Amino acid sequence: MRRLLPLLLVLATVFPLPGHSDVVTRIHDIDPGSLGEGALIFLATGQVVSYPQATNRQLNELRLGMQSHRWYRIKLSPRHEILAAKVASAPRFSTSLLGLQREAPEAYHPSVLPALEAARTQFAEARRDFTADSQCYDRAHTWAYDWRRRQLYTSKTWLFFTRRYIRKHKFDWWFHVAPSVHVVIDGKVRERVMDIKYTQGPLPLKEWTDVFIRDNAHCPVVETYREHADFPESGSCFVMKSSMYYYRPLDLELLDLTGIPRDRWEPSEVQHALHEAFRKPL
Amino acid sequence: MPRSPYLILLLILVRGCETQTNHDGPQKETKADALERPLRGPYQAILRPITQRFAPQFNGSFTLVREADDLVAGLRYSAGVPDTLVIQGLHRGSRCPDLQRDDSNGDGHIDGPEGAAVYGPTLIPLDDDLSAQHLGGGIYPVSDTYGQYYWFRTAVFSRLLRDLREEDLNPLDDLVKLSPRETITDAPLVVVVSGVPAQAPLPESVLGKGSTSPQGAYPVACGVLLRSERVPGKILPDETQIPVPDAGGVGGSGGVDDGADFPEPTTSSGGSGNYGE
Numbered sequence: 001m002r003r004l005l006p007l008l009l010v011l012a013t014v015f016p017l018p019g020h021s022d023v024v025t026r027i028h029d030i031d032p033g034s035l036g037e038g039a040l041i042f043l044a045t046g047q048v049v050s051y052p053q054a055t056n057r058q059l060n061e062l063r064l065g066m067q068s069h070r071w072y073r074i075k076l077s078p079r080h081e082i083l084a085a086k087v088a089s090a091p092r093f094s095t096s097l098l099g100l101q102r103e104a105p106e107a108y109h110p111s112v113l114p115a116l117e118a119a120r121t122q123f124a125e126a127r128r129d130f131t132a133d134s135q136c137y138d139r140a141h142t143w144a145y146d147w148r149r150r151q152l153y154t155s156k157t158w159l160f161f162t163r164r165y166i167r168k169h170k171f172d173w174w175f176h177v178a179p180s181v182h183v184v185i186d187g188k189v190r191e192r193v194m195d196i197k198y199t200q201g202p203l204p205l206k207e208w209t210d211v212f213i214r215d216n217a218h219c220p221v222v223e224t225y226r227e228h229a230d231f232p233e234s235g236s237c238f239v240m241k242s243s244m245y246y247y248r249p250l251d252l253e254l255l256d257l258t259g260i261p262r263d264r265w266e267p268s269e270v271q272h273a274l275h276e277a278f279r280k281p282l
Numbered sequence: 001m002p003r004s005p006y007l008i009l010l011l012i013l014v015r016g017c018e019t020q021t022n023h024d025g026p027q028k029e030t031k032a033d034a035l036e037r038p039l040r041g042p043y044q045a046i047l048r049p050i051t052q053r054f055a056p057q058f059n060g061s062f063t064l065v066r067e068a069d070d071l072v073a074g075l076r077y078s079a080g081v082p083d084t085l086v087i088q089g090l091h092r093g094s095r096c097p098d099l100q101r102d103d104s105n106g107d108g109h110i111d112g113p114e115g116a117a118v119y120g121p122t123l124i125p126l127d128d129d130l131s132a133q134h135l136g137g138g139i140y141p142v143s144d145t146y147g148q149y150y151w152f153r154t155a156v157f158s159r160l161l162r163d164l165r166e167e168d169l170n171p172l173d174d175l176v177k178l179s180p181r182e183t184i185t186d187a188p189l190v191v192v193v194s195g196v197p198a199q200a201p202l203p204e205s206v207l208g209k210g211s212t213s214p215q216g217a218y219p220v221a222c223g224v225l226l227r228s229e230r231v232p233g234k235i236l237p238d239e240t241q242i243p244v245p246d247a248g249g250v251g252g253s254g255g256v257d258d259g260a261d262f263p264e265p266t267t268s269s270g271g272s273g274n275y276g277e
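As given, the protein sequences belong to chains A and B, one line each in that order.
Sequence positions in the first sequence follow this note's numbering and run 1 to 282.
Sequence positions in the second sequence follow this note's numbering and run 1 to 277.
In short, the hints are calculated from the structure, not lab data.
Be a bit skeptical, because a hint or two may be false.
[Said to hold, decoys possible] To be clear about the criterion: a stretch of chain B counts as covered by chain A if any three or more of its residues have a C-beta under 8 Å from a C-beta of chain A, and this derived list gives those stretches: (1) 70-81; (2) 106-115; (3) 146-156; (4) 227-234.
As the structure is a computational prediction, the values presented were derived from the model and not from experiment.
No residue lacks a Cβ here, since even glycine has one placed at the ideal position from N, Cα and C.
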């Protein structure tokens with residue numbers, strides 16, 4: 001048995017234990033967490049994870065990496081704890097600044113489906129072969145692009161969880177996003193969120209946020225990124241709406257900073273989203 | 001004293017209910033708690049650039065909240081000065097400086113001393129450790145290449161309050177203490193972030209402060225700390241303002257298709273339809 005132990009250790013390194021996951025991402029923020037509990041690491045993927053084994057030096061290195069916008073390959077346990085974090089190469093697409101300087105195309109207007117049944121059909125026919133550890137923004141971007149190829153212009157609904165909510169409920173995410181469509185229902189145009197992974201069909205906003213918000217609080221809709229970012233201790237959540245072209249929260253923040261809206265697809269982002277969420281080749 | 005054991009038991013139960021806890025933790029009534037109740041917050045300062053010289057597009061905010069004996073402070077620094085050490089602090093002042101009123105030497109800059117004359121000395125340095133004025137070691141955040149960072153720290157509130165009420169052993173430094181009966185929010189407070197790149201050219205009329213260089217002491221943005229009563233945003237009705245289109249076609253328009261070549265979607269089963277990971 002003793003002779004087998006080194007081999008077992010090697011195998012355990014090469015073949016991770018079931019339930020562990022790897023993610024390549026940047027660090028969005030490091031929250032000290034409540035006193036007596038460890039720091040919370042906000043990943044750019046939207047996940048909130050902990051690093052209970054981290055030394056002060058390791059946390060400081062992550063902080064420096066965050067400031068330098070370094071990419072990391074992070075191994076997570078099933079309990080969303082960081083087991084290892086190593087500096088990694090940036091993916092092929094790099095920043096959302098791409099495309100901002102191009103010529104302005106035609107203005108964006110969302111499509112309006114004639115009835116809820118049409119939205120249900122699109123929901124049912126959307127691709128579902130996403131990986132278990134896929135990120136919400138990669139899935140949402142791929143579905144939105146698929147519908148765009150069928151001339152269906154959709155939107156995106158972003159849900160931001162406040163720090164207060166994350167600490168109180170030890171919640172695992174700091175944001176979530178799903179595509180949404182406009183539909184004629186009872187003679188009015190209403191928006192329905194199409195969260196194919198987490199819901200059974202198109203949902204009104206409150207019903208969708210109730211899936212994630214444990215205290216059933218209303219999530220006010222804000223128009224700028226800073227409106228929710230400046231209120232991390234107020235309420236439980238905020239919602240933002242955008243066109244289908246916005247890929248990650250950074251894109252919403254850049255809109256705030258530059259005033260330049262995203263008005264087209266960035267090919268490298270679309271392909272990256274498809275590869276990351278559905279393991280299709282680039 | 002009732003002699004019946006049942007009444008004694010009832011008394012014990014009643015006294016137990018009087019010390020119920022809520023999800024903020026046990027409520028222990030102490031003198032400090034009674035004085036500090038207004039600090040439960042959240043408090044917020046919206047930071048705005050002091051001048052247009054170094055970060056005219058700067059936007060940011062500071063929040064402060066107390067949960068039981070936890071003090072949580074956070075600062076968002078955005079579109080600020082890139083790659084720079086930022087000295088941030090909570091000052092005992094009632095307003096932020098402005099060029100028209102406070103440029104005492106008329107050089108077109110508000111430097112450290114001119115700013116401090118308005119926003120006052122530092123009550124709480126927003127450095128690496130909020131528990132006490134001197135524990136943070138002067139370790140402050142550094143903005144990234146885009147002039148951005150998020151900073152959050154927690155501290156034991158009662159420990160900080162004790163430190164702030166201690167005797168001021170060095171009245172000549174920039175730090176100020178509270179008097180023994182004062183609370184943190186008794187007087188107005190102002191949040192200031194200072195620091196421009198070390199190599200930023202500044203006229204000789206721009207002065208440093210204490211041992212801090214003119215660039216290090218240069219105040220970039222400021223905001224008055226106020227109790228945050230409102231939550232932004234709106235609870236929207238289900239219906240939108242978009243008019244119902246004419247029958248036939250779903251309409252919609254947007255950017256030109258980029259021509260990315262995707263495989264056609266396959267319809268395989270997947271997705272739990274349940275919430276949570």
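Next item on the list: Check each numbered hint from earlier against the structure, then list the numbers of those it violates in ascending order.
Entry: 2
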